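Peer 1: All chains should be modelled from the sequences, with the hints used to inform the complete structure.
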Amino acid sequence: MAISASLFINQKGITTALKQPKEVGYYSRNQQGDIFPFDDGKLKYYYLPNSDIDKNIELNSGFKKFKNCQQLFKDIATLHPILETIIQYETLKGKSLKCDIVAYSETIVKLICASFENSKINPIDMRLISYRGQLYIKDMTLQDVLKRPLGIQDYIPFKFETVSTLTQPLPYIERDILEKRHRKISNNGDKFFSLVKTGISKSKFLLSEEVSCVYDFKQDNKDDLKHYAKLCVSPVISNLNDSHKFETLIFKTWLRCFLMGVPKIIYGFYDDSRNNNNNSGSSVLKTVEEFMTEEIPILFKEHNPELATKCTNAIKWYGLFSEWLLKIVPHEENSEIIKPFKLILDNNHLKLIEIESNDQEYEGIVNGETILSERYKAWKNKS
6 MAISASLFIN QKGITTALKQ PKEVGYYSRN QQGDIFPFDD GKLKYYYLPN SDIDKNIELN
66 SGFKKFKNCQ QLFKDIATLH PILETIIQYE TLKGKSLKCD IVAYSETIVK LICASFENSK
126 INPIDMRLIS YRGQLYIKDM TLQDVLKRPL GIQDYIPFKF ETVSTLTQPL PYIERDILEK
186 RHRKISNNGD KFFSLVKTGI SKSKFLLSEE VSCVYDFKQD NKDDLKHYAK LCVSPVISNL
246 NDSHKFETLI FKTWLRCFLM GVPKIIYGFY DDSRNNNNNS GSSVLKTVEE FMTEEIPILF
306 KEHNPELATK CTNAIKWYGL FSEWLLKIVP HEENSEIIKP FKLILDNNHL KLIEIESNDQ
366 EYEGIVNGET ILSERYKAWK NKS
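Per the working numbering, the sequence shown runs over residues 6 to 388.
Just to be clear, a hint being listed does not mean it is correct.
Said to hold, decoys possible - Below are the DSSO-like pairs computed for lysine-lysine, each with C-alpha atoms no more than 27 Å apart in a straight line:
#1 K47 - K185
#2 K385 - K207
#3 K250 - K24
To be clear, the hints were calculated from the coordinates, so they are not data collected in a lab.
These numbers were taken from a predicted model, which means no experiment stands behind them.
Peer 2: And the structure:
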C-alpha cells in the first residue's frame, strides 16, 4: 500500500538544538553549467570602498547585455552538482559522507517558510526519494524561473555583486581592471557553492548554497565557512512600510545564512527612481550595511519582538518537519531500492505522497536521472 501522510503547518515543534554547520566540500560552476568539485575558481572577494559608493553606481546599467546563462541550463534545480561533490569527497577521504537529508538550503528554507507564507507566494512542489539510508529533496518549482523573462529587479542583485567583488584578492588585481569593473558584463552562470554538514536535533543534513564572496581572507585547506558573506540588495528604506518589507526580506536572508553557517550579510541599498511603466531612470547605490547573522534575531528582539519569535518558531518547525519526514519515509541504509514521493503544500498541510509505478514521473525519478545521476547510483552501489 502506498505511503501517504500529512503535517499541519501550524503545529509547533519543541527543539531548537542545531548542529554547528561545518563545510565538507565546495564546487564552482561556469557559464556553460559545468561543475568543478573542490575548485574555488569562481569564488569572489568582497571589495567596495566608500569612495566607490560615492560614485553613484547605477545598478541597472548593463541590463541589456546581461548574460542569462541559466536559460540554457537543462535543469536549474538539479542535485547532480551536490552528488558529484559527494563522490569527490568520498574518493579523497576514503569514507562515506553520512547524513539523513540532502538538499539545497533554499529548498529547506522554502519548507520552513511554508508555516508562515501563503502557498501562492511560496508554492511547495517537491520530489523526495529514499535511497541507501538517505533522503534527497528536489524543488520542482525552480524550473519555472527559466520560463519567465528576466526583469530589472532580477538583474540588480547580479550587478551589485559584480561591482562589489573581485575574482582574486585585491593585491592580485591590476588597477585598470579594478577601475573598470563597474562596466563588466554580469551573468548568472559563474557561481561558487559551499557544501555543509549540519542538522537539528537527531536529523543530519547535507546542504548546499551559493556563496556570494569571501569578505576578508581565505584560509587554504581549512574551513572557510567563517569567512563567507551573503550579498543582497534592497530599495532605500524611507518609510514604515519600507521598513516592514525589509524586515521580511532580511528574515529570509538570515534563515538561509543561519542554516549554512554563513556569518555575514551585506546589503546594498539603492534609490530606485525608475519609471515602472518603461523602466526608464536609474537605480543608484546609496549605501551599504553589514550585518552579523547571529545578531539579527537580537536586532529583531529590540525593534520587532514578533520577528524574534518568528525566528524561534522557524527553527522549531524545521526540527518538526525533519523528524516527521524521517519517521514516515522508510530509509534502510543498505537498500538499493529508490522510493519516490511528492512533497506538496495543500490546505495548510505539508503532504507526503508516495509515487506509484503507474505515475508518469516514476520512470524518470526511479530509473532515470531526475534526481540521482547514473554515475552517483553506480558509485554508491559499488561502495
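Peer 1: Hey, K250 versus K24, does the alpha-carbon distance stay inside 27 Å?
Peer 2: 30 Å, violated
Peer 1: Taking 27 Å as the top limit, are the C-alpha atoms of K385 and K207 close enough?
Peer 2: 24 Å, holds
Peer 1: Can you confirm whether the C-alpha distance between K47 and K185 stays at or below 27 Å?
Peer 2: Roughly 19 Å between the alpha carbons, so the hint for K47 and K185 holds.
In this structure, only the earlier hint numbered 3 is contradicted, and the remaining ones agree with it.
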